[in-house]
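A.B. asks: Here is how the chains run, residue by residue.
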Amino acid sequence: MADVLLELKNLKTSFRVKDDYFAAVDDVTLTVNKREVLAVVGESGCGKSALAYSIMKLHTRAQVEGKIEFKGEDIVTATPGRLTQLRGKEMGMIFQDSLSALNPLIKIGDQIAEAIYLHDQKISKSALKARVMELLTQVGIHRAESVYIQYPHQLSGGMRQRVVIAMAIANSPDLLIADEPTTALDVTIQAQILDLIRKLRDDLDAGVILITHDLGVVAEMADRVAVMYAGQIVEIGTVYDVMENPRHPYTRSLLHSMPSAIASKDEKLHVIEGVVPSLPLIPRVGCRFKDRMDWIPESAHEAHPTLKEITPGHFVRCSCYQHFHFPEEGVNA
Amino acid sequence: MLQFTLRRFLIMIPQLIVLSFVVFLIALAMPGDALTGTLDPNLTVEMLEIQRELLGLNNPWYVRYWDWIVGIVTRFDFGRSFTWQMPVTAIIGERLGNTLRLSTLTLVIMYAIAIPLGIISGRHHDTWKDKIITAYTYLGFGMPTMVAGLLLLFSFGFNLGWFPTGLSVAPGMSPDMGLPYHLSRLHHLILPALSVALITTVGTVQYLRGEIIDLEQREFILTVRAKGADENRVYNKHIFRNALLPIAAFLGFQIAFLIGGSVLVETVFSFPGIGGLFIGSITGRDFSVMMSLVLLFGAATIVGSFLSDVIMMMVDPRIEIE
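Order-wise, the sequence lines are chains W and Z.
Under the numbering used here, the residue at position 165 of the first sequence is numbered 165, and the numbers go up by one with no gaps.
Under the numbering used here, the residue at position 303 of the second sequence is numbered 303, and the numbers go up by one with no gaps.
These are computed hints drawn from the structure, not numbers from a lab.
If you're wondering where the values come from, they're calculated on a predicted model, not measured in any experiment.
The beta carbon of each residue, even a glycine, is placed where N, CA and C say it ideally should be.
Everything hinted at is true.
Not close to chain Z: a few residues of chain W, all C-beta gaps over 12 Å, as computed:
1) LYS9
2) LEU30
3) ASP186
4) VAL187
5) GLN192
6) LEU215
7) SER260
8) PRO283
9) THR306
10) ILE310
Here are the computed lysine-lysine pairs in the DSS-like style, where the Cα-Cα straight-line distance is at most 30 Å:
11) Z:LYS237 with W:LYS107
12) Z:LYS237 with W:LYS125
13) W:LYS71 with W:LYS199
14) Z:LYS237 with W:LYS122
On the chain W side, residues computed to face chain Z include the following (Cβ under 10 Å):
15) LYS89
16) MET93
17) SER100
18) PRO152
19) GLN154
20) ALA168
If we strip away everything but chain W, and leave its shape as in the complex, we get (with noise of 0.2 Å):
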């Protein structure tokens, strides 16, 4: 595969609960081309964000393990004053929550001046205030003038999300790390922020990672689209592999548990049962979905279970997807 960006091999991220560490990452192997999207899916708590903060080693206290591995550099044992050059200028995070993205003392246009200022110390008061003008203009805000001089907590969450944009793609980073950039958001922005990545992708020719558990902007925006589980992938391909044709019982249950376009009343919804495990309750053995399709037997679960590669590119973790099915459905041979 040509032009890979980003790679990650047995990644693995932990976090300090009492005395222990437990990860909440667990070897997640992924790659990201250039011009890519790859979404990355699943339910909340189960490991997307710490995986996206981890790209970038964003959590300070966090351990990480394995191996990251951007344009060729490995970004685990890099110094923190590396960090610092790649961060902001080759890897942008767009943030979910746009209010609590913001210092709430700095003015907006100080924020993102912030974000060009500390890769490029040289630059001129006046060439400073142009560029952040050009960004806001770029992300879709018309009054940049008078946005420049607002604090966050007077835009609306529409305009604060393009702003978070706008620091992000400051630097026109090769990758862009995208954390349920629309979940806030109503549904008409959530279109219009989704168009803007996507512009901002092609105008970058960058990678992007893109974090979501809405499974409608992952078949509009994805190439392809990793599905996460417990820390862990549990499928991963192409767009269509794992829409079309999902194989993980996990997939399947997410896909089946969302409304068709036009839902007549009395469709029932599938209800995955239970919850993605606490940081700490995470099975660390066997398939990590087991307990949540209790009516599939303990022999249809490998006890190591990998991913395996069941068609080209297309990965499937554990073998009980072949044996799996919904319980309404019965049993099929």
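Chain Z: place on chain W using the hints.
C.D. replies: Then chain Z, alone, in the frame of chain W:
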């Protein structure tokens, strides 16, 4: 902003009126009056009664309250002290300066201790540095100011002789001596200021530590890191500024607290401030002095909270006029 400040300022007027009323009622409720303790064999009960009548002590309470307020507002007359036989304003004025100087220095030392310690403790929490600082804060919480005062007085004043053990200026010094006079005054302030500051600052240290630890988890800190800021910038620019908000908001109250709360340390250091005067006025039933001081302490709190609100508004853009 100016409008808000003005409005916030006007709110202080009813607050002060209520305060004056409460102060008056408290004094009224205390047994005895200024003539109760007068032990002069030449005075008869009738003469005392005439004196009471002359002083207006037999008037109904609302008349006395009105006379008191009118005196304060129109002539800045807080009455005369029975003990000192001087106008209250003169006695308090003489000592208020000392107390204000003491509180100012205390405040400066407090923040000079709290800000660096709080930052170190918060940024490096759960390390040995933090543990030492936290141990100090617990010691500070556990030790009363007067004990700290006595310890400092004993070691640096009495044993080592580095600092004077009392008063506000060396005997024989006068203001026309210029610099030596002012240096002597500063010299006399250091120990009492230090003993209050060392103890009262621990709350601020802990507050700052907690704020920093809390802010470190916030998402906008991740944003700053994601922009490529190094840890020094993350802490010194983004976390520090936000962590100072509650501290700044507390500044006004801190000032009020120091003016009213210096009673014990002034006693320990026989420092001629309003603290000692206050205690004397209570034991001596010197009502006019006592009431004026309670009024002053209350007013300091009201002005302090006004200052806090104005400071808050200046530093936090999210606070707007309602």
